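Hey, can you piece these two chains together into the complex? The hints should help.
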Amino acid sequence: MTSKYQWNNIFLSIMVIALFIFPFVTDSRTWTILLTQIFIFSILAMSYDILLGYTGIVSFGHAMFFGMGAYTTAVMLDRIEPTIGVFVLSIATGMLITGIISFIVGLLTLRLKSHFFAMLTLALSGLFLVLAEKWRSVTSGNDGFTFRAPEFFKDRMMFYLVVLVCMVVVYFVLRRFVQSPLGHVLVAVRENEQRTKSLGYNTLHYKVIASVVAGVVASLAGSLYAISLRFVNTSVLTMDITLDALLMTIIGGVGTLIGPIIGAGVIELSQHFLSGLAKDYPIFERWIIFFGILYILVVIFFPSGIVGTIRQAFHKRKKQSVGKEEQSNSEEL
Amino acid sequence: MNTLLKVDGVHTHIKQYHILQGISFEAIEGQVSVLLGRNGAGKTTTLKTILGLTPASQGRITFRDIDITKKPTHGIANTGIGYVPEDQGIFASLTVEENMKVAMRKEDEATLAKREYILDLFPDLKTFWKKDGGLLSGGQKQMLAMARAFVGNSKLLLIDEPSKGLAPIVIEKVMEAILDMKKHTTIVLVEQNFIMASRIGDTYTLIDNGETVQSGLMQELIHDEQVKRKYLGIG
Chain A
1128 MTSKYQWNNI FLSIMVIALF IFPFVTDSRT WTILLTQIFI FSILAMSYDI
1178 LLGYTGIVSF GHAMFFGMGA YTTAVMLDRI EPTIGVFVLS IATGMLITGI
1228 ISFIVGLLTL RLKSHFFAML TLALSGLFLV LAEKWRSVTS GNDGFTFRAP
1278 EFFKDRMMFY LVVLVCMVVV YFVLRRFVQS PLGHVLVAVR ENEQRTKSLG
1328 YNTLHYKVIA SVVAGVVASL AGSLYAISLR FVNTSVLTMD ITLDALLMTI
1378 IGGVGTLIGP IIGAGVIELS QHFLSGLAKD YPIFERWIIF FGILYILVVI
1428 FFPSGIVGTI RQAFHKRKKQ SVGKEEQSNS EEL
Chain B
-2 MNTLLKVDGV HTHIKQYHIL QGISFEAIEG QVSVLLGRNG AGKTTTLKTI
48 LGLTPASQGR ITFRDIDITK KPTHGIANTG IGYVPEDQGI FASLTVEENM
98 KVAMRKEDEA TLAKREYILD LFPDLKTFWK KDGGLLSGGQ KQMLAMARAF
148 VGNSKLLLID EPSKGLAPIV IEKVMEAILD MKKHTTIVLV EQNFIMASRI
198 GDTYTLIDNG ETVQSGLMQE LIHDEQVKRK YLGIG
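The listed protein sequences correspond, in order, to chains A and B. Letter by letter, the first sequence follows residues 1128 to 1460 of the working numbering. Letter by letter, the second sequence follows residues -2 to 232 of the working numbering.
One chain only, chain B, in its complex shape (with noise of 0.2 Å):
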């Protein structure tokens, strides 16, 4: 089992506040790490830190053994990481077609057979080919963002929160699509529906209050009852 990538005492400042105290954690090739902890606990600033959207201060973060902890957001990005932030981020203006094409770069055929595996996942999106994104609906807009992520040269998605503010029908469809992406690509995942994250992440990470709390497999902490209560709330 290769390790992908590796967040390594990571701290982050945004202006005065020293919002991650210590993140350390690992994902695995193949697998689906999830990051657990209760709103405000670091978790979509510990993906925008791996992205470089907010630099690390401190730690280091490595990606198939390069050091990234400095490295521009782009750069980042071309070195094979996608990323789903929690607004979407859909480019309203432009239509899905435009959207998929911002994010393709290129037209080679590896690149197209996975837009065309995308799209048979999300078969919505070959219906609204044509219409703008800001027309979208919010599952179709959750749809076309993870397609998007997933088009790209990227080994590796960052996924923030996919089950936001979707209706349960959706949600499902979602967790499905992921599944099935998991096949082909490495997944970092920030979800705050346990049940969700449970059936589909194999690790995970604990944070509160900006630090490492505790990481292991999924199937432990599903057990793990005390755990749950204490950070999640839940159990």
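Only chain A is shown next, with the shape it has when bound in the complex (with noise of 0.2 Å):
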């Protein structure tokens, strides 16, 4: 396991140093204000990655767990006040209510087969979302509210530094929980359930404690997210953030932690670029079907998502170079 991870550090040592080192020599609001978009969104994709990667489950209700922490910082910060101290007691809020619905969310669908799994979670995000529209008390439905920042996130490099260092910290802890014993038995329940339960494992328990630890981490996502805009409305419980984070996962390739921060990259950036072509070439204005061809694409010369094409294309060379030894092994005996 350990040699599966190391060009993983090798690479996200020079990308973390860039990336902070990226403030202190440029002062493009844009670039730092994307990629804060890019490290919020990788939170996100890498929970995602714990439910599909690891664990081999298709959720199309993730988005509420995101919504859940996005609501939560912001409705604290309006009511309360907007502290620092506040702020990290909202994520922890936010962080515990997820954890809480999650685990009954999880223990009530889990036990259904994939499809039928995917399909209520689709129902239950759509119960969220129908929710926060009506509770306008609290959430100001469709319209959204502002609310303030603390003030040490007016400085939005500041605030870029506290996200990459989240994700940062978040890729760490989720790999660490990846390469446990329990990890291990969430990769056994992805590739054969059945054989996991012959082996004594109760499967269900397994995919609870994955549903709930994606949607804590989801919860993060959101809190962040929700502070970069100062704002918040439904649209963070929509299937778009869901769907998001599935392609962004896909893309990256899916069980690689560091696939969907990738994905996160690539999908953030080609959004950015291609809707920014328009205002040159009007045909851009349509940059949702140029979109979808580069998805088309990626699937197509990436099957298994970028980083996993990657590691499946190392893994040929090495079977090729074992089977070529063995080989000159028997020729010799």
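Keep in mind the hints are simulated off the structure, nothing from the lab. Because the structure is a prediction, the values reported are computed rather than measured. All C-beta atoms, glycine included, are put in the ideal place defined by N, C-alpha and C. Don't take every hint at face value.
Facing chain A, from chain B, some residues (calculated, C-beta under 7 Å) [stated by the list, open to error]:
#1 Leu50
#2 Thr70
#3 Tyr80
#4 Gly86
#5 Phe88
#6 Leu91
#7 Glu95
#8 Val99
#9 Ala100
Put into structure tokens, the structure is as follows:
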């Protein structure tokens, strides 16, 4: 397992150092905001990878946990006071609420077969969306509300650095989680649930644990997202958020953790550049079409995602070299 | 001689199909009981039914005098039944070490001793300890599947067609390993290869069309040309 992560470590160390230095060498507000968005969606996509990549659960309701985090932070900062203390407390509260709700939702839904589970999570997510729309006294419905962020985050660079640290910490915590014995059981569940049961594991318990971990991390992403906009409305609970997380994970490479970070980068950057081209080329006003073409190309050329395909090629080479070695050994015998 | 497992008049339905229509046999502690029969007779389904993967619709299964008929699969496995499926069921993206750790669940002295024993039996697994399960050869996967089932808290091993798709030299290795493992555990074996089954087995149960046709000592079956010809197509 260590060698598997060797390249990840090198790649990540270089990236983190470069990203850490970035705001000190440039004063581009656009890039600071764009990269902050990428970091936030990387956290969301990594949380989705725990479900999809490591446990094999396809959920269409992940946005509800993201939205809960966003609303908890927004409401607390708006109703109490916009200080760092309240911000930290709101993150903890959001995580606690999503932890409890994802536990209950997981326990009720994860017994179902995958497609029924996916449909039920979609329905539950819709339920939370309607709840947020109707509970106007707290959420201000579709219109949403603005709120003041803590003074500390007024400086975009500080917020950028905080989110970068959060992303790196989440990556290492989740990596530790998937490398633990519990993480190995999750992989076993993904690969062959019946076989895992026949080894004596109650797989439902493990799937619920994965659901809680993914929910809690998604809540953190939601809290940071709300702060980045200083505004929240029901869009944080929509299917678009779940689809973004799903696409980021698939494009980057499921079950890799580093893949969702790359996927988030690819999607956010291509959205930014394709929509930006509309100023010069009117055809790019329909940039979503080009976005679709990009997805298709990635799926054709990187069927296991960017990181997944690179790893497969690496494994193939390794297998071939082992095969050659075994062949030469047998010839010697 | 203690009866470890008793399968009594078991019927199993899979969707609308009535697969097992009355399976009865006993596994005696310390012995290898072989389930024999033609393709599609119901041997694999019998193992899956014992483990609760295809639950019995009728009949009773007791293991160490505990009724396990209605227990969930993980509950049955935790009573001390290990399973080596026909397709080996290796977790391809986990290394050999991780596959073993998932099966061991704890690292107490007894489990570690069992692990050492099984690794001595299958030294190839030691060689490829850090290699992904998916990169192993067919024979190595079979060894890993057997090792994984053995290192758990298993008092009984259900092994499904261990010789399937393996080269003769590997079959020989697997057979020797099962003979050695027999000293430490009880085994219910499904095997098409009669030469292997007759060398390993102490008792046999013949299954045909989902029903137990005949049970007895393996030595008796070896000399019963008529039964072998009728139900196994050999002799």
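Now the hints, each set against the structure:
This hint holds: Leu50 (chain B) has a C-beta 6 Å from the nearest C-beta of chain A, less than the 7 Å allowed. Given hint, Thr70 (chain B) at the interface with chain A, holds; its Cβ is 4 Å from that chain's nearest Cβ, closer than 7 Å. Given hint, Tyr80 (chain B) at the interface with chain A, holds; its Cβ is 5 Å from that chain's nearest Cβ, closer than 7 Å. Of the supplied interface hints, the one on Gly86 (chain B) holds, with its beta-carbon coming within about 4 Å of a beta-carbon of chain A, less than 7 Å.
Using the Cβ-Cβ criterion of 7 Å, the hint placing Phe88 (chain B) at the interface with chain A is satisfied: the shortest such distance is roughly 5 Å. A distance limit of 7 Å between C-beta atoms decides the matter here; for Leu91 (chain B) the minimum to chain A is near 6 Å, and the interface restraint holds. With its C-beta approaching chain A no nearer than about 5 Å, Glu95 (chain B) sits inside the 7 Å limit, and its interface hint holds. A cut of 7 Å between beta carbons decides the hint on Val99 (chain B): the least distance to chain A is about 5 Å, and the hint holds.
For Ala100 (chain B), the interface hint holds, the least distance from its beta-carbon to any beta-carbon of chain A being 5 Å, beneath 7 Å.
Comparing the model with each numbered hint stated earlier shows that all of them hold.
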